[in-house]
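As you go down the protein sequences, you meet chains R and E in turn. First residue of the first sequence? That's 1 in my numbering, and the numbers climb one at a time after it. First residue of the second sequence? That's 1 in my numbering, and the numbers climb one at a time after it.
None of the hints are false.
Just the calculated beta-carbon pair ranges, DEER-fashion:
| no. | chain 1 | residue 1 | chain 2 | residue 2 | range |
| --- | --- | --- | --- | --- | --- |
| 1 | R | R242 | E | E163 | 32 to 38 Å |
| 2 | E | E199 | R | E312 | 54 to 60 Å |
| 3 | E | T148 | R | R176 | 38 to 44 Å |
| 4 | R | H306 | E | M1 | 26 to 32 Å |
| 5 | R | S276 | E | T148 | 19 to 25 Å |
| 6 | E | R155 | R | H306 | 33 to 39 Å |
Negatives, chain R to chain E, calculated, CB over 12 Å:
| no. | residue |
| --- | --- |
| 7 | L12 |
| 8 | R47 |
| 9 | Q82 |
| 10 | A88 |
| 11 | Y103 |
| 12 | R161 |
| 13 | A223 |
| 14 | L303 |
| 15 | H306 |
| 16 | N310 |
Some chain E residues flagged as far from chain R (calculated, every beta-carbon gap over 12 Å):
| no. | residue |
| --- | --- |
| 17 | L23 |
| 18 | S40 |
| 19 | V75 |
| 20 | L216 |
| 21 | H223 |
| 22 | V224 |
| 23 | R234 |
| 24 | K243 |
| 25 | F256 |
| 26 | L283 |
| 27 | L317 |
| 28 | V380 |
| 29 | A385 |
| 30 | G411 |
| 31 | Q412 |
Derived from the structure by calculation, the hints contain no laboratory data. Just so you know, even glycine gets a beta-carbon here, dropped at the ideal spot from N, CA and C.
The primary structure of each chain is shown beneath.
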Amino acid sequence: MAQVTYLEAIRLALREEMERDPTVVLLGEDIGVYGGAFQVTQGLLERFGWERVIDTPISETAIVGAAAGMSYLGLRPVVEMQFIDFIACAFNQVTNYVAKSHYLRGAPVPMVIRGPAGGGVHGGAFHSANPEMYFVHTPGLKVVYPATAYDAKGLLKSAIRDNNPVLFFEHKFLYRRIKEELPDEDYVVPLGQAIVRRPGRDLTIVTYAAMVHASLEAAGRLAGEGIEVEVVDLRTLLPLDRETIVASVQRTNKLLVVHEDTRTGGIAGEIAALVSESAFDDLDGPVRRVTALDTPVPFSTPLEEHFLPNAERIAAAARDLAKY
Amino acid sequence: MAVDVVMPQMGESIFEGTITKWLKKPGDKVERDEPLFEISTDKVDAEIPAPAAGVLREIKIGEGQTVPIQTVVAVIDAAGSAPAAAAAAPSPAKTPAPSAPEKLAEPTATPSPAPARGDGRPVRSSPLVRRLAREKNIDLAALRGTGTGGRISKRDVLAAISEGGARPPQAPPSATGAAAHAALEAAVPRERICFGRYEVQPMSVMRQRIAEHMVLSKRVSPHVYSIDEADMTRVAQLRAAAKSEFEKQHETKLTFMPFFVRACVEALRAFPVVNASVDGTSLVLHGEINVGIAVALEGGLIVPVVKNAEEKNFLGLQRAINDLAERARTKKLKPEDVQESTFSVTNPGVFGGLMGLPVINQPNVAILAIGAIQKRPTVVEDAIAIRSMVYLTLSYDHRAVDGAMAHQFMGQVKQRLETWSEEIL
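Here chain R stands alone, though its shape is the one from the complex (with noise of 0.2 Å):
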């Protein structure tokens, strides 16, 4: 078994889909002679050939407009935004059509929408987005948002097989930095089911995508200190996965949300009101959040330092809440 990066893990993701089943697509913007803007098809149009891996137009609501129709005549099409950023030009195509096909018409959408999000590689403000909570609000989507090659493997492979629109937000930030050994078998990480990425007792830290990475660091630099951090990874906001974390917050009684997205009508909120809905009298302090500004992503290296989160101050949080 190799080291596989979170990048490579997504490309054999596609390649393996494409292999076991003839009617998973790709389209997207510069995905076939080109390999995509961060080379996660490359080598599929040489393997799969123009049937099977369509360059587009520069048009995100045409490619999901053709992606739909393509998937009520049987296929599994799977689009790439080139930015996640950019799904936003596709906006009424996923919210208003794909998402509501199956309710409205009978007419499920199998299709995946993917790309890469998120900052700290100094993209700016139009290549560096979190907009997943725009679809978690839009019922009739799964939004998947994956933190670890592994699952980024597995999780894409049920998308793919999921009979349901689902929108796969990649970190780009992870895409080379971190790697992992894959099993050779094939695999799936089912949809809709957090995991604890580290167990501790005094307080639960929730959060997603590049956040794991930043809130484990945090745990263990907390566990220096005495303090238990327990970290679970959402890895599908929609579905939540609302038993793991409510299950969490009763072992530890003390929550703290982190998330890469801004603020406000980030998932924390929704995360909080679930909580002291469903598990007050298990709460032991209040329930914080740690996430990013509610401003545009900087381009600047200092802004956008200090607009994401990072390790030092999720434990900075976590250390004022234990203490609570």
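With chain R held as given, fit chain E onto it using these hints.
Using the frame of chain R, we list chain E on its own:
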């Protein structure tokens, strides 16, 4: 806008304070920085100024109550906001007229009031703590909270459960309601203390802090004692001759204390390890010589500090000592007046003690006790003479200071006193 008034932290090692007096009533106007209440801590008594201008809406902690630092003791409706206390406020829970402040402690507006202590103070806890208390039948009012601002947290209630449930407040109850600190626990069970006819007198905050500090010091520092005797005849004659002139010229009393402090300063310069603190496996040698002077008060004592004694001349030392002693007795010391001592002096001699074996004032490593100055028959060069003699005792921390150094240090103090040459006028 409501502004919380909190119990301030009046020094690094202070964790709670007692409200001794409220200077304003609910409904009174207050100016920013106007004295609002008086507190007593283990180190100082002080007036606490209002943090904002406005109207005092509510007093949450009554006189005589002891609370942890940062506890909200009152609420001020800051100027510019609706003067809730002035108008006929719609809230029915407000303003039970000009009754005693203590009665206002619990405003009773919430539909399901939080459990309250016997003194009416609400217990701060959490949903989890309240559920556990319900399930295990724990009386939260009897627990001591260790969370932020004295909140009862999960660990507090779990500790109570593992001890078999919170015991009711112990009888005979302590007047301050403060839980017994480990340092103050009785050495034998209460049944064996409370027998026959007796009266239980609660310790003041100061008494409790002294007790804690003494237990701590005895536990931490292995005390050793060196006793020496100094001939004070020369100093006594000098003082007697200069006293009236000194007091006329400088308008301050001339005592023996600055002689001893001056002698100590010289000796501390020669033996910097005696002017030090122990920090784990390190010795912290202080660059300043700050001499704590024990001052007896009614019901306790306090140790204000003469800062930078090494930079003061004789008159400066005497003035500083008199000033600190006066302010100690009139409760006008500031927190900084009792901090950062590097060495201490105590004077049991003024009460007639022949000699004393004092407990080290942490974090010092040594304290000098001065016995009574008495005329005694003494051998001087094969003759018996009547001399003014004093016993000097050094208690020192054997972790830092050994006997050889202690006796050399004392030898310097003694020699300096016996051969005094400094002008004092």
